[in-house]
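Protein chains: 2
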Amino acid sequence: MTQLQSIDRLSLNQITTDKWSLKEAVDGCLRAEVPWIALWRHKIEEIGLKDSKRIIQDAGIKVSSICRGGMFPAATELERQKRIDDNRRAIDEAAELGTDVLVLVCGPAPDKDLVAARKMVADGIEQLVPYAKERGVKLGIEPLHPMYAAERSVIVSLAHANDIADQYAPDEVGVIVDVFHVWWDPDLFRQITRAKGRILGYHVSDWIVPTPDLLMGRGMMGDGVINLRPIRLAVEEAGYNGPIEVEIFNQQIWDTPGDEVLALMKERYIQHV
Amino acid sequence: MTQLQSIDRLSLNQITTDKWSLKEAVDGCLRAEVPWIALWRHKIEEIGLKDSKRIIQDAGIKVSSICRGGMFPAATELERQKRIDDNRRAIDEAAELGTDVLVLVCGPAPDKDLVAARKMVADGIEQLVPYAKERGVKLGIEPLHPMYAAERSVIVSLAHANDIADQYAPDEVGVIVDVFHVWWDPDLFRQITRAKGRILGYHVSDWIVPTPDLLMGRGMMGDGVINLRPIRLAVEEAGYNGPIEVEIFNQQIWDTPGDEVLALMKERYIQHV
Chain A
1 MTQLQSIDRL SLNQITTDKW SLKEAVDGCL RAEVPWIALW RHKIEEIGLK
51 DSKRIIQDAG IKVSSICRGG MFPAATELER QKRIDDNRRA IDEAAELGTD
101 VLVLVCGPAP DKDLVAARKM VADGIEQLVP YAKERGVKLG IEPLHPMYAA
151 ERSVIVSLAH ANDIADQYAP DEVGVIVDVF HVWWDPDLFR QITRAKGRIL
201 GYHVSDWIVP TPDLLMGRGM MGDGVINLRP IRLAVEEAGY NGPIEVEIFN
251 QQIWDTPGDE VLALMKERYI QHV
Chain B
1 MTQLQSIDRL SLNQITTDKW SLKEAVDGCL RAEVPWIALW RHKIEEIGLK
51 DSKRIIQDAG IKVSSICRGG MFPAATELER QKRIDDNRRA IDEAAELGTD
101 VLVLVCGPAP DKDLVAARKM VADGIEQLVP YAKERGVKLG IEPLHPMYAA
151 ERSVIVSLAH ANDIADQYAP DEVGVIVDVF HVWWDPDLFR QITRAKGRIL
201 GYHVSDWIVP TPDLLMGRGM MGDGVINLRP IRLAVEEAGY NGPIEVEIFN
251 QQIWDTPGDE VLALMKERYI QHV
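So the protein sequences, as listed, match chains A and B. Mind the numbering: the first sequence is residues 1 to 273 in UniProt numbering, read in order. Mind the numbering: the second sequence is residues 1 to 273 in UniProt numbering, read in order.
If a hint is listed, it holds; no wrong ones were tucked in.
Computed footprint of chain B on chain A, listed as stretches where at least three residues anywhere in the stretch have a Cβ under 8 Å from a Cβ of chain B: (1) 141-147; (2) 202-212; (3) 225-237.
These aren't lab readings, by the way, just hints derived from the structure by calculation. All residues carry an ideal CB built from backbone N, CA and C; glycine is no exception.
Just need the whole structure built from these sequences, with the hints factored in.
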């Protein structure tokens, strides 16, 4: 199977080096010649949008996505509207920082009603689309692993993300394929094919065994059980040839010096992705 | 919505009171007037099949299921055959102990190949069906939560369990619906309807938030976010009116005296199931 020949498409999702500030992460990417970065909003907030933009532009690094918008469901109409307003700010930030992808982590239900919460997600996306489109930003629905259904996202399958995305033009709403969230799905390859033309991001990491923790249990590519290459090839077959983000929540990796993490990430990217 | 009016269908899945031996669990059920029990094979093994059978018969308690067969995928043909042999013993135990349901936890892949492992599951079930049928035992495929895909089961959705079960007569192979494993699934109610006539067991617990652990994070009904009643009603609508097992892996519950657990379980069963 076809190995990647360069790191041209490699993107550091900033959470992988969580201890680094935005500036440190950008500098780290420059040293390692990683051409892309995915920014988290809490890192942007630390220094403000203006400085973030300057750092990105001065470095000449490309931004693969902004993480994250979403979190639509809430108990009251007022609170839901606040979330929409926050999403509009996230769209502004994406446009300002030069990426056309806002990743949506759609949010958990405020109560036990999954059906209602899923409708709030659909309604929220519907409200955002015109605003995002005007600013040249696409909304990427990232289905999370079902183990996050209670705390992070009621959208937990690529099928469901596709169902929502299908209601819009491909330049309005698409999906993010993150292997950690979807690798288990017997319907995965069919849903990747179905997402043709609207995959807006591809995220890699690994599922380590034994899995130490729900949130912090991701591993570096090659350290776990996910057969990564067929998934990348399927995503490419479905028309996606954009940046590939490495997104790892793992305390051991967070505790490792960032330059070492990037070196390992580059090596594993070629070997396993 | 319709509340249950009695505990006639309530079954103690033995793992809920993990510190109790089989004899202690049966005695606990008698004291609490819980009419059903689901037995785990490691508890049967502690005292042997003969004594287990005597205890069950003397108590006049009904056995809702034996947990568990399955674990089909393995790296070698020899090992896979050993697993089949072990499943035959599990079928014998089920028949001997007076239940017609063997719960299948299908097992993880021995490598990174989920497709191959899923075929091993299908092949294993195919091999077992005639043996089970002769002994009056039905095979209940229990889809596990996708977070167990790497370590416990490559069958992680009710849709997939239905796909396999559909290839057999309803008195040969069916499915087990465990709320903890399937509650997140946007396709849940459709798949319950699809399973009509072949639901062989219904298991309840709850998904607690924050979720403390992958394995030990289940909660008592009512302590989490699962909207239990609509699921039971759907399962009944699909023709299942058999025992309802309470199956909880939770250290705090395991550390609570069994009689207290059963008292609480009975109360929550009426309130929430």
